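Read off the chains here:
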Amino acid sequence: MFNLNKNKLTTLLKVQYSNMLEYRVEIALWAISGIIPFFMLNIWTNNNLNESINLSNVMLSRYFLSAFFVRQFSVVWVVFTFEEDALLGKISPYLIQPLNPFFRYFAQHIAEQITRFPFAIIIALIFFLINPESVWIPSLSLFLLACLSTFFSFLIQFLIQSIIACFCFWTEKASSIERLLFIPTLFLSGLLAPVISFPEYVKSWIYLTPFPYLIDFPANILSGNNTNIISGFFMQIFWISVLFPIFKRIWSLGTKKYTAMGS
Amino acid sequence: MKIRKYIKIYSLFFSTSIASELEYKTNVIIDFITAILSLVGSVFLLSIFFQNTDNIGGWNFEQALIIQGIYTILNGITNTWFNPNLTEIVKHIREGTLDFVLLKPLDSQFFISLNKIAPSGFLEIILGVALLFYCIDINQININLSFLFLCITTLFCSIVILYSLWFLISTTTIWFVKTWNATEVLRSFLYIGRFPLNSFSFSLRIFFSIFVPIAFITTIPSAVYLGIAKPWEILFEVIVSGIFFIVSRRFWLFALKYYTSASS
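First to last, the protein sequences are chains A and B.
Under the numbering used here, think of the first position of the first sequence as 1, with each following residue one higher.
Under the numbering used here, think of the first position of the second sequence as 264, with each following residue one higher.
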């Protein structure tokens, strides 16, 4: 099922990267559309809402900048691509190839992140120009840990979306399920408000769900805010190891169920 | 006579697109659940903001709920009419089917803006209206005829501004071909419409009043609803919406001059 070697992987990445470079403006616009955390930061500091959660303005601005970065490098849209390919019948030729089509999508996402990188840096520089007091350089070890946890966050979201995408084999349209799941992701992941500011009745169960590990946990590591690194990584790996077998199973069921157009 | 023709055509658009959307019934139901959760989520976020303070930007929690109500209605309208139609422009231009639209004995802007409908936004509109009714109760608002008239006028103007913004951005597709993400940028900007304008810093307030008038879209109708709007604000909103509508119409006609169809 996963016969992949280094050669295939680099070729896939190269092809997708040149594809992505064609639409640079589009990716720049997409990077801009991720600036919601900055609006939220503005509300928080402008109304002194952060006093109650013992987070200084500077730490909060670092948190939201980190949240912006984590979000930039963990955006997943595989459902939408897969749904389009399934509706247009493009899946059939992919299935014949000796390579799981999800590797193609995976390479697409990685290539897009590489293309997006300079734009995200530019937005961060503008942010630092406006807020010079929030400039900070994380230690190398924390930076590497943050990168790793962002990648895990990306993997969790990629697996969840891939599982949803496989519903296309049965229902043809799966993107509405993704839109449904996006709502808790938006409100509970820490993109709009750090998880420590949540009321107690939410905090008591939220750390068992995958949501805080998508944005809040990596952003806390990167910005140097307090967080339990060991249990965070443990939960990330736990969720990946739960989701991966589900994806494998649903993929093999789905491809059996799949009837190409005209059959 | 002409208006009667357009009304008749619109009712046909309406019934055919409803029928084709209802083909995917589970989709519609899931979209309904999404609408409810999304409202719950924004009230949850608002409650986090109000945990330790009694006002943001001079609005207390009960008053801020009005803004949520207006936002939800406008979001429902966006999801029902603007989003399905105006993202279609991108498809028309990429696949060259805009030619067929232009050849029809109909106004092209009318066809492009109203051809489709997504019933999933209806529930959001209903939820928003219900929230506003609830706000009448908790804010002790007196209803009279002039109040109703002003509310409906400002809400209508907000819809016009929102439509014009969407339409202006979608029109740029004629030059740039792919503008999926330009509408995403607009969406993320619209997100700030959930909060009172005064809760942002001065520079952002200026930006969102002059360059992208999102401020007017939700804050002024909510102020009218509360009875604290100043007359010049209402007048200003009416003027801005008029300007935006005329500009978007002119811009579309201007852009069409640059449209070279697929084969030429």
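Hints are computed from structural coordinates only; laboratory data are not their basis.
A quick note: this is a predicted structure, and the numbers were derived from the prediction, not measured.
Certain hints may be false.
Chain B is nowhere near these chain A residues, computed Cβ spacing over 10 Å in every case [what the hints assert, rightly or not]:
(1) Asn47
(2) Val58
(3) Phe187
Here are some chain A residues pointing at chain B (derived, C-beta under 8 Å) [to be verified]:
(4) Thr11
(5) Val25
(6) Glu26
(7) Ile43
(8) Leu49
(9) Phe169
(10) Lys173
(11) Ile183
(12) Thr185
(13) Ile196
(14) Trp239
All C-beta atoms, glycine included, are put in the ideal place defined by N, C-alpha and C.
Check your understanding: Which numbered conditions among the earlier hints are violated in the structure presented, ordered from lowest to highest?
Key -> The structure conflicts with hints 1, 3, 4, 9, 12, 13, 14, although it agrees with all the remaining ones.
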